[in-house]
Amino acid sequence: MKPRTRRIGWIVAGLAVLGVAVTLVLNAFRSNLVFFFTPTQVAAHEAPQGRAFRIGGLVEQGSLKREPNSLTVHFRVTDTAKTISVAYTGLLPDLFKEGKGVVAQGTLASDGTFHATEVLAKHDENYMPPAAADAVKQAHEAMSTKTLVTTQAERK
Amino acid sequence: MIPELGHFALILALLVAVAQGTLPLAGAALDEPRLMQLARPAARAQFLLVATAFACLAASFIGNDFSVLNVASNSNSELPLHYRFAATWGSHEGSLLLWTLMLACWTLAVSVFSRHLPPALLARVIAVMGLVSVGFLAFLLFTSNPFERLVPAAAEGRDLNPLLQDPGMVIHPPMLYMGYVGFSVAFSFAIAALLGGRLDATWARWSRPWTTVAWAFLTIGIALGSGWAYYTLGWGGWWFWDPVENASFMPWLTGTALIHSLAVTEKRGAFKSWTVLLAIVAFSLSLVGTFLVRSGVLTSVHAFATDPARGVFILAFLAIVIGGSLTLFATRAGKVGLGGKFEMVSRESMLLANNVLLVVAMASVLLGTLYPLFLDALNLGKISVGPPYFDAVFYPLMAPALFLMGVGPVARWSKAPVPELWVRLRWTLGVAVVAGLVAPVVMGRWSPLVSLGLFLAFWIFASTAETLRSRLAGSPRRGIAKLTANSGSYYGMLLAHLGLGVFVVGVTLVKGYEIERDVRLEPGESVSVGGYDFRFAGVVPGPGPNYRALTGTVEVRKDGRELKTLKPEKRIYNASGQTMTIAAIDVGLFGDRYVSLGEPVGAGGAEDVGGAWAVRIYIKPFIDWIWAGAFLMAIGGFMAVSDRRYRLAVKRKASALWGEVRGGAPAD
Numbered sequence: 001m002k003p004r005t006r007r008i009g010w011i012v013a014g015l016a017v018l019g020v021a022v023t024l025v026l027n028a029f030r031s032n033l034v035f036f037f038t039p040t041q042v043a044a045h046e047a048p049q050g051r052a053f054r055i056g057g058l059v060e061q062g063s064l065k066r067e068p069n070s071l072t073v074h075f076r077v078t079d080t081a082k083t084i085s086v087a088y089t090g091l092l093p094d095l096f097k098e099g100k101g102v103v104a105q106g107t108l109a110s111d112g113t114f115h116a117t118e119v120l121a122k123h124d125e126n127y128m129p130p131a132a133a134d135a136v137k138q139a140h141e142a143m144s145t146k147t148l149v150t151t152q153a154e155r156k
Numbered sequence: 157m158i159p160e161l162g163h164f165a166l167i168l169a170l171l172v173a174v175a176q177g178t179l180p181l182a183g184a185a186l187d188e189p190r191l192m193q194l195a196r197p198a199a200r201a202q203f204l205l206v207a208t209a210f211a212c213l214a215a216s217f218i219g220n221d222f223s224v225l226n227v228a229s230n231s232n233s234e235l236p237l238h239y240r241f242a243a244t245w246g247s248h249e250g251s252l253l254l255w256t257l258m259l260a261c262w263t264l265a266v267s268v269f270s271r272h273l274p275p276a277l278l279a280r281v282i283a284v285m286g287l288v289s290v291g292f293l294a295f296l297l298f299t300s301n302p303f304e305r306l307v308p309a310a311a312e313g314r315d316l317n318p319l320l321q322d323p324g325m326v327i328h329p330p331m332l333y334m335g336y337v338g339f340s341v342a343f344s345f346a347i348a349a350l351l352g353g354r355l356d357a358t359w360a361r362w363s364r365p366w367t368t369v370a371w372a373f374l375t376i377g378i379a380l381g382s383g384w385a386y387y388t389l390g391w392g393g394w395w396f397w398d399p400v401e402n403a404s405f406m407p408w409l410t411g412t413a414l415i416h417s418l419a420v421t422e423k424r425g426a427f428k429s430w431t432v433l434l435a436i437v438a439f440s441l442s443l444v445g446t447f448l449v450r451s452g453v454l455t456s457v458h459a460f461a462t463d464p465a466r467g468v469f470i471l472a473f474l475a476i477v478i479g480g481s482l483t484l485f486a487t488r489a490g491k492v493g494l495g496g497k498f499e500m501v502s503r504e505s506m507l508l509a510n511n512v513l514l515v516v517a518m519a520s521v522l523l524g525t526l527y528p529l530f531l532d533a534l535n536l537g538k539i540s541v542g543p544p545y546f547d548a549v550f551y552p553l554m555a556p557a558l559f560l561m562g563v564g565p566v567a568r569w570s571k572a573p574v575p576e577l578w579v580r581l582r583w584t585l586g587v588a589v590v591a592g593l594v595a596p597v598v599m600g601r602w603s604p605l606v607s608l609g610l611f612l613a614f615w616i617f618a619s620t621a622e623t624l625r626s627r628l629a630g631s632p633r634r635g636i637a638k639l640t641a642n643s644g645s646y647y648g649m650l651l652a653h654l655g656l657g658v659f660v661v662g663v664t665l666v667k668g669y670e671i672e673r674d675v676r677l678e679p680g681e682s683v684s685v686g687g688y689d690f691r692f693a694g695v696v697p698g699p700g701p702n703y704r705a706l707t708g709t710v711e712v713r714k715d716g717r718e719l720k721t722l723k724p725e726k727r728i729y730n731a732s733g734q735t736m737t738i739a740a741i742d743v744g745l746f747g748d749r750y751v752s753l754g755e756p757v758g759a760g761g762a763e764d765v766g767g768a769w770a771v772r773i774y775i776k777p778f779i780d781w782i783w784a785g786a787f788l789m790a791i792g793g794f795m796a797v798s799d800r801r802y803r804l805a806v807k808r809k810a811s812a813l814w815g816e817v818r819g820g821a822p823a824d
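Residue numbers (my numbering), protein chains in the order written: chain E, 1 to 156; chain R, 157 to 824.
Worth flagging that the hints you see were computed from the coordinates, not collected in a lab. None of these values were measured; they are calculated from a predicted model. Note that CB positions come from ideal geometry on N, CA and C, so glycine has one too. Careful: at least some of the hints might be erroneous.
Short derived list, chain R residues pointing at chain E, Cβ under 8 Å [as the list claims (entries may be wrong)]:
1. Pro544
2. Tyr545
3. Val549
4. Ala637
5. Leu639
6. Asp742
Okay, the calculated bits of chain R under chain E, using three or more residues with CB under 8 Å as the criterion [as the list claims (entries may be wrong)]:
7. 504-518
8. 653-660
Make a model of the complete structure from these sequences and hints.
Okay, structure coming up:
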């Protein structure tokens, strides 16, 4: 009897620990996923209001404006088809440049401005984004292949 | 000529590796000593050949041979000598060659230090390592040749990624790879034991020191990477939960579980199958980590599509190694047996619980790292899993593990009566609770999480002290002999546990009390952050060896007294035009003052470097304790290996046990 109860005790304890862990993990996982949208998708109102998400594309040439005496900047992100206005307060990463790729995380305000809490630039200086003259479709594909895990890419 | 020599050496190394991976295995299966004896010379030859190839590549880098594609893409004649050498492993191809060299080093080490092992076991271990080497050499030769020529030769190289032009980055990859590849020894021992069908305490004793050394190197490697991120990226963070970091952290978590589980297998004969499984998983994760970082899938899963040969090779190699070893495990583990019995409350049960927690933590990191890649590969959408997920999962899993860490070393093997544990640990608990409650008040602000973190840290310190106290009190010897009577591995364990405590203090206090301020400062302007005054004196341009520097001057004062003048830099590299931020840090035992430059924000726009700047000013209390803790853990690991019993007892036990089983086959 004793070894058997002990074994059952072990199994129950193990399952309990595992159950708690799995619940914890999946719960945290679900509530912390950040989805990615292109400017075209945002323009088509596919992005959620009020919840944080990521946008990606190119920083439009000549769109970078700095507010005087503050660290707030405004720029536009484009996928060559549509653009979004972005506002961000803070330091921009080293690789942030007009005409280069960028990913920003934040929320969409009701006026259509994207309020970024984090701006990440792409790591690879050698990567040349396809020219704006390319077909919109191609631009989409090229960008979707390059904008995924930039958090890592920017930092390493 | 030199690159061709290196290429030729690699080809020969592949041939030797094939022989090393097959003939000794056949010898062990057929009980044919002549085939088994090939293992050691093959390991030596393999080492010489791979080292030659590596030296040839290094010579090409140092000699600025831009007719080699790899050199032309990753180096530059302006690069200082030490970075030209480090550029050898700065690229995909070079880092895989470094990996292969490390593997050859470990194999050589096994063949040198394990002469007393039973010949069949030694033959199998070296053969399995040879097979892994076959995979890597074939990958290098067929898809990622580091010696590929560039016709016509480039006049100048494209430069090493400026992020890698840093002393920390020179030693970080070799340390990390020493760790990754070191787990191949534990893996090979496990596979050899499964093949031979014998797995007992002696097996654990043999593979334990190797595993501990690998783990210690991995710990140093990860700590160096984290420190590098802190001072070169200019973000002031020490851990970002990004996939590159996670790739090295998963083998570490599994390796930590493995060294503890090996201890149980050695001392008590329990957890045998579990230990073997962990050894397989730790090395598999090292392989996955190497390829995750090196194949480019992290930047884009579609990197596979642009270079299908590499992608397919990697997937096939992983499938063979991981699938093959798990299949072997599934078919043979039944024979291994479960081993010793133990009670619900015992040192074994606590180590088991710790193991489970570590593995669950590893699995949660794996999920967060691979799931976005998986979705993207299947075109199901793009997501990212950020630090909030890892924080939410990791800390709740680690808190009980840290608590158990305080109980485990005090608990008896097999059966630990709860009343006895209570008597031994009540003062420890009291100290930890009081310190956890009071210390945050001393720091200035009480919060429950800081309190919990410090409670766990003090719990580890106090219970480690209690372990040592009772061990010394129970010793019949006197004076200094009391101390020297204990083994190196015992003190190594204590030191590593203390290191983790120090680490927990650092993490808790940084998380609890760090101050991060991004400010706009005109030259001459001051800002007060966390009780310190920072006066920005402006930025001046100047030359560097292979970059232009913009150097800022920030004077740090406290109560009007000048503490330090910090010189944060922006570097613009000549060859690539890439910009790098170099933070300036006033390092202190109780915290750092951290300053880094953003960009010019004066009236004159981006070119107005003499005007106002965006500046990051951070106060990071106790942050250096994080790395100090990691280094203490690593030193603990090395200390544990210095234990004499690994050298003496192994010999006796080996000849005694294996001698009779193998019908008295000579040990060498």
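Each hint tested on the structure:
no.	hint	verdict
1	Pro544	holds, 5 Å
2	Tyr545	holds, 4 Å
3	Val549	holds, 5 Å
4	Ala637	violated, 41 Å
5	Leu639	violated, 38 Å
6	Asp742	violated, 20 Å
7	504-518	holds (count 4)
8	653-660	violated (count 0)
Checked against the numbered hints above, the structure violates hints 4, 5, 6 and 8; every other hint is satisfied.
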